[in-house]
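Asker: For reference, the chains in residue letters:
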Amino acid sequence: MKNPLSDKIVALKPSGIRKFFDIVSEMDDAISLGVGEPDFDTPWHIRDEGIYSLEKGRTFYTSNAGLKELKEEICNYLKRKQGVTYDPDQEVLVTVGGSEAIDIGLRAVLNPGDEVLIPQPSFVSYEPCALMAGGIPVIIELKAENEFRLTAEELENAITDKTKVLVLPFPNNPTGAIMERQDLEAIAEVIRRHDILVMSDEIYAELTYKEKHVSIVEIEGMQERTILINGFSKAYAMTGWRLGYACGPKEIIQQMIKIHQFAIMCAPTTSQYAAVEALRNGDNDVQEMRTAYNQRRRYLMNEFRQMNLECFEPFGAFYVFPCIKEFGMTSEQFAERFLAEEKVAVVPGSAFGDCGEGYLRISYAYSLDNLKLAIGKLADFVARLRAAKQ
Amino acid sequence: MREELLAIVEKNSRIDLKELAVILGVEEIDVVNELAALEAEGIICGYHTMIDWEKTSIEKVSALIEVRVTPQRGQGFDNIAERIYKYPEVTSVYLISGGYDLLVTLEGKSLKEISGFVSDKLSTLDSVLSTATHFILKKYKDHGTILARKYEDTREKVTP
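Each protein sequence line maps, in turn, to chains X and D.
Under the numbering used here, the first residue of the first sequence carries the number 96, and numbering increases by one thereafter.
Under the numbering used here, the first residue of the second sequence carries the number 6, and numbering increases by one thereafter.
Simulated from the structure, these hints should not be mistaken for lab results.
Mixed in with the good hints there might be a few duds.
One side only, chain X facing chain D, incomplete, derived with CB under 10 Å [stated by the list, open to error]:
no., residue
1, Val-119
2, Ser-120
3, Ala-125
4, Ile-126
5, Gly-131
6, Phe-218
7, Asp-378
8, Asn-379
9, Val-442
10, Ser-445
11, Asp-449
12, Tyr-461
13, Leu-463
14, Asn-465
15, Lys-467
Quick list of in silico lysine to aspartate or glutamate cross-link-like pairs, EDC-like style, CA-CA up to 20 Å [to be verified]:
no., chain 1, residue 1, chain 2, residue 2
16, D, Lys-23, X, Asp-464
17, X, Lys-438, D, Glu-39
18, X, Lys-151, X, Asp-464
19, D, Lys-155, X, Asp-464
Ideal Cβ placement from N, Cα and C applies to all residues, glycine included.
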């Protein structure tokens, strides 16, 4: 038989998380701090709206770009939260999760050999999606001393004449880092000067614990060169509904719709009806969940201080990213031993890029009781490692 | 902090003060002072424990009683409400808009005890016009807590 496989796909590295997942799923009694999705159920009124749409027989395709009323609600939401205006008919596309928007957004803008700037540590999909779209990923290694924010200098140094688009993943998974207005203004100046595009993945926009989230599209001259990606998974605890969206300049969105219509047809109809309800009547749910996450975040930061475990204070998403370099192990070794000895799963930082080496991603999408149990075990483990070193 | 503090202790009044301070991001002494103030102002009126008596061997019967009454001049419903809530077996009394006036909840050891209370004590009050008693058969959710099922984490253990 001839080689049945695509060389490009075979060459892709499998996700580092996948490997760890396989180990953990073998263990029945492991507690996990490794989950990248909310612990809350989707609020009942949103689920109810999905069920109602099924009862009414709304079980057909929607138009390719999404339900008109959903696109309008997305525009209302962005106006309300970010103070920016999008045309629901031309500049919005409803996608199957934020993940689809990342994929087809990169496919819509990249030509072979175009460089894609990807700050890391970050979500696992950007690099393979850039490669699959024929682009060349250029990694920007974010630094702990900058609280894992992207600085203008780091950006400037990574730009070449082949640079096409910057992926901007804030609030960030896995570090929990955010970019505040002055941080965005500093990089926006570089972006405008070099005339590059931005793909801003703001899926955690609702989960910030300082000032409210600022989007890069709020900065002057940026909306016209930015693909803004958001979705319902994190803010409304709707991961399984697979629903996200992209907003941006008409020319780009129209090309994304073309890919979407051939590859996907349309996002799930039930989820779209539920999402309309989420945007219309979900603000209080988001507020309640944010308050709960923030309490857990404070709890974890305090525990790390008690343990003397180095960790910058993150103000976004639902992750903390403590440093474990003092133990002289790789992130993977640490995570594997911690799992074997204490039966607690955390994700090695290196799963999110080489510069995540020496860190762990700890998710606080768990009840406080659960966190207490797991953090107690982390404290024991850390104490044991330190004692052994002496 | 007041609203967030109340929301937490409403669900868990046994929470440790130190922990409360940590998750609220304030000093422990501030939590102590705020709780004292809330108690003094009568905003926090008590710290109760939710018990699912069904799971014990102790027999308990609860009922909701709709009561229609004649309001009294100058007193409205307050006087009659007071006469009812003073009975220790009465667990709550609400003034209600709509088809009847007072909603009384009652806890007793048996059906007989509750029906005895209704016929001997409640119905015989001068201003009580009529009563309708509903016995509670099963509690699914009480005080915001679902009693019927336990939370189970069905998520995949590790996801990106």
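Asker: Looking at the structure, which of the earlier hints fail to hold?
Answerer: Per hint list: 7, 8, 10, 11, 17, 18 violated.
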